[in-house]
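Start from the sequences, fold in the hints, and give me the full structure.
Next come the chains, spelled out residue by residue.
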Amino acid sequence: MPFIKKNNPTIDSYEHEHSRDLNELAIQLADGNPVIRRGAALNLAQHQDASEILVDRLKQDNDTSVRDAILTTLISLGDSFAVIGLVECLRSEDAALRNEVVDAMKQLPEKVAPIMNSLLVDSNSDVRIFAVNILESLRHLQVETWLDRVIEDDPHINVCATAVDLLGEVSTSTSRAALIHLRSRFPDEPYICFAVNLALKRIGEDKGT
Amino acid sequence: MKKIIISEDDFQKFREFFYRKVGISFENDKRYFVDKRLIERIELTGANDFSDYFIMLRFEASGQELQQLINVMTINETYFFREEYQFKCLVNSILDEITRNKKDTSPIRIWCVPSSSGEEAYSIAIYLLEHWPGMAKWDVEIISSDIDSVMIERAQRGHYSSRSVQYLPATLLTKYFKPSGDGYQICEDLRSSVEFTCVNLMDSVEMRAYRKFDVIFCRNLLIYFDDLSRRLAAETFFDALNPNGFVCLGYSESMSRISSLFRVRKFPEAIVYQKPGVDL
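So the protein sequences, as listed, match chains A and B. Be aware that the first sequence starts at 1, since it is given in my numbering, and climbs by one per residue. Be aware that the second sequence starts at 1001, since it is given in my numbering, and climbs by one per residue.
It is possible that some hints are incorrect.
[What the hints assert, rightly or not] If you only want the chain B side, here are some residues facing chain A, beta carbon under 10 Å, derived:
#: 1; residue: 1104
#: 2; residue: 1107
#: 3; residue: 1135
#: 4; residue: 1139
#: 5; residue: 1190
#: 6; residue: 1195
#: 7; residue: 1228
#: 8; residue: 1231
#: 9; residue: 1275
It should be emphasised that the hints constitute simulated quantities derived from the structure, not laboratory data. The beta carbon of each residue, even a glycine, is placed where N, CA and C say it ideally should be.
Structure follows, in structure tokens:
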């Protein structure tokens, strides 16, 4: 049989070179080789004070696999520097980075919850939309309340449209008044009316009310 | 004998400890399962109560009791040719693509994790021998790993119950197994064709030895992990794979919900995930 067997897997000499020291890892995080940067990013999970270094790198690294490793470690650390850094990246011009950060923030429900109110009233409507995107799969009891507040108060139609889309999936009868109010705020916007009616239908309310 | 009780605080303390060590987080609905096994271990080790046992578990240098505990807490239900459609995908689609892109004649490396009692790794070996013409030309290395050391010993022994082999065609059962006691013994050629190792996927140091694989089978494991552990497992697989290597997950699992590191590949037989080439 052409099956071959080696002894137990062994660690290549290169793999031994990963440092555990914070300063050395910080240097490796800027290495030209993305494999070394990835390794450093993952190893920095052992350092509670590594979030700022990681966020700085996240903002400038073009390699998706390195950014993914940085985000994994930031999720693991989950401290205030990590969360603040992730919020800063929501304002990035890099759409791919923003999407990756939204996905990462979904995995930090307890850390993101305290800042969600401020994200949802951010002066930048794009950031408010990303905040709603985070709510899409944030496992938190307040998701519906936050979305209700968005459709009650947010002046931007795209933010409201994103929120009502999501309410179509997660709303209960408690959202009824907010949904009806939204429809009355944008009576000439067919999409909003359609999405509100759909959400009301899903929660078993009369769409004509 | 003193009745041992696991309090809510004990359960929470144990849950956090086990999660940090192994990546598996037990929800409250698993309380009965966890309590029962914890009490068994407390009694078997002669500890007075949970606190006594927990101190020993945390500070025992050899880690032997932790390994025993992992062995009883993990689930090891599997059988030969389970989710066979992926093996069809392996021999009909994946391996041909890998060999087409290979720049040398080095062996094709396949990693099965978790190994459980070895059925999956041996199923792959049988499938390759029976259905992949490339075996005439290529060497193949199969490594099968599990966190449970008892399962690894069982896999190395290669003795299986009738239930375990029930989905194997009779011809293959006759060809590769011999009746033995109340079950079947896998043939020596197959038994020696797979390397079995004991590993913890969450241990980044241990994982550095697992590199340069072409295909990883990781089926029905990630469903037991929480979001962060799944993400860490995805990072491990990414580093373990060669560029353009493949990950095969269980029927109900999706890498797309875990990580954006891999691209989805739809083959006629199955959906699998592929590590991008040089440029991601």
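Results for each hint:
This hint is violated: residue 1104 of chain B has a C-beta 15 Å from the nearest C-beta of chain A, more than the 10 Å allowed. Interface restraint check: residue 1107 of chain B against chain A, minimum CB-CB distance 6 Å, threshold 10 Å, status holds. Hint on residue 1135 of chain B holds. Least Cβ distance to chain A is approximately 6 Å, under the 10 Å limit. Because the smallest distance between the Cβ of residue 1139 of chain B and any Cβ of chain A comes to about 5 Å, under 10 Å, the interface hint for this residue holds.
Interface restraint check: residue 1190 of chain B against chain A, minimum CB-CB distance 8 Å, threshold 10 Å, status holds. Hint status for residue 1195 of chain B: holds, given a least beta-carbon distance of 5 Å to chain A, under 10 Å. Evaluation of the residue 1228 of chain B hint against chain A yields a held restraint, the C-beta minimum of about 6 Å falling below 10 Å. Taken as an interface hint, residue 1231 of chain B checks out: its beta carbon lies about 5 Å from the nearest beta carbon of chain A, inside 10 Å.
Residue-level restraint check for residue 1275 of chain B holds (minimum Cβ-Cβ distance to chain A is 9 Å; threshold 10 Å).
The structure fails to meet hint 1 from the earlier list, while all remaining hints are met.
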